[in-house]
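Novice: Given chain A, work out where chain B should sit, using these hints.
Heads up: the protein sequence lines correspond to chains A and B, in order. If you're matching positions, the first sequence starts at 1 in the UniProt record's numbering and goes up one per residue. If you're matching positions, the second sequence starts at 1 in the UniProt record's numbering and goes up one per residue.
Honestly, I wouldn't trust all of these hints.
Covered stretches of chain A (in silico footprint by chain B; criterion: 3 or more residues with CB under 8 Å from a CB of chain B, positions within the stretch not fixed) [stated by the list, open to error]:
1) 15-22
2) 31-39
3) 229-241
Please keep in mind that the hints were generated in silico from the structure rather than gathered at the bench. Ideal Cβ placement from N, Cα and C applies to all residues, glycine included.
Protein chains: 2
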Amino acid sequence: MAGYVQDAIMLLGDSLTQGGTIPYGFCQQLADAYNRKLDVLVRGLSGYNTTWIFPVFEKMFAKRTEREHVPNVQLLTIWFGANDATIPGEQQHVPLEQYKANLSKLVHMVRDPSSEYYSPETRIILFTPPPVNTIQWIEELRSRDPPKTELDRDFNVTRQYAEGVLEVGRKENVPVVDTWAMFYEAAGREEKNLAKYLTDGLHLNAEAYKLVYNALMKAISENFPDIHPDKLNMVYPKWEIVNNGNYMELLKDSAVRK
Amino acid sequence: MAGYVQDAIMLLGDSLTQGGTIPYGFCQQLADAYNRKLDVLVRGLSGYNTTWIFPVFEKMFAKRTEREHVPNVQLLTIWFGANDATIPGEQQHVPLEQYKANLSKLVHMVRDPSSEYYSPETRIILFTPPPVNTIQWIEELRSRDPPKTELDRDFNVTRQYAEGVLEVGRKENVPVVDTWAMFYEAAGREEKNLAKYLTDGLHLNAEAYKLVYNALMKAISENFPDIHPDKLNMVYPKWEIVNNGNYMELLKDSAVRK
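Bound-form chain A, shown alone (with noise of 0.2 Å):
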């Protein structure tokens, strides 16, 4: 199948993981790392929140039954709270109670052996949200056409979601990417000086992929080593020892050392 000799990074989630296909995102630098090892699926979906997510990810994530035919996903990482942590009465909201349900929900779709999705290889890892600057976002909103005059996010709401995640994290032994903490230290516990990082007061610029990038190879070296870029096998060979003849025993099926 199209690059079924290659198993699959999925970097699950909204607007901050779309968003991270720009020149130094997250994305772009994982395609770079894993070149000639891993794909990089992206499938990160503009204003959705974890409730949404359900249908789509029953579709774009494979059933046990069709795994056979399938890149195995080595490593899924999951971002979502940006939206779900918009205030009450907002389209977009989801209770925290809730947020954090479907989060393990979404944890246990793939690690409960008596789930459909059940992919035991695939390596799990959450990312908190981001902290929002309210005094950017209420700028942008108020450059709509119509303008918005109301904050629809909340400095502290939306860090209550971050803090979500690490009980998601601590209650489901998945590794988190705690990019509220960084971004809030990185800007000196400053809300104002999150400008450094956000184009908007929400969205990410390239300085802030950067970190974004650093903080998850980091966890990646820390939690899943095997998986690290210096660790696996390029799954073609080298044109070094390559030749005319046949050298298809150097193919390997997947880039994981066994």
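Specialist: Chain B only, in chain A's frame:
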């Protein structure tokens, strides 16, 4: 299956394709432009020539019998020649006539109804190899350990291989992105000026990849407008039209409008 709802663009080639995953590389820019529409499968194998690629392509491209389980490759780019054009005696050298025959064979594998790899929905675009700047390249070779003191590539030989691709394109009725002419013109038809686009006399920098991406998008617009990103559906609906109920009927089997 993983990503089974999204069809793909497969980028087949050598180090010039493999290197396109850098920021502003054509692989990154395609992944960004086709976000939520088509997956970009980078199949650039550094050092490979059009002879060595066959056993690999037979593994990475779906057979017609496997097609039901896999995403359709809506676009296949084929970009070889930088290594085939090494001078006779070099390990990577492929004679010009053989190179042209190999490119035609790749096209026929995908296009011929009698082929095991027949894929009628796969559009094909060929690329010519870029010009080599031997003034830079000999310095690169001399800097190696052990140093190589003789050039393994020649400016006019690579030009002949580029012309060979144009011939194959005419013969097989396949559009060609002529990177050789594009860079030579951009360099004012001065070999030494190619240093503006080449890192070492052979490989492309970000400025060069921006030109490659623009030329590819122009070729798509002119030859296959139905798969220009502006003409494609998003596979998953926009968040504004989803809700907590059932919206799976909005899911597209493919981004390509039937």
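Novice: Take the hints in turn and mark each one as holding or not.
Specialist: Now for the hints, and whether the structure bears them out:
no.: 1; hint: 15-22; result: holds (count 3)
no.: 2; hint: 31-39; result: holds (count 5)
no.: 3; hint: 229-241; result: holds (count 4)
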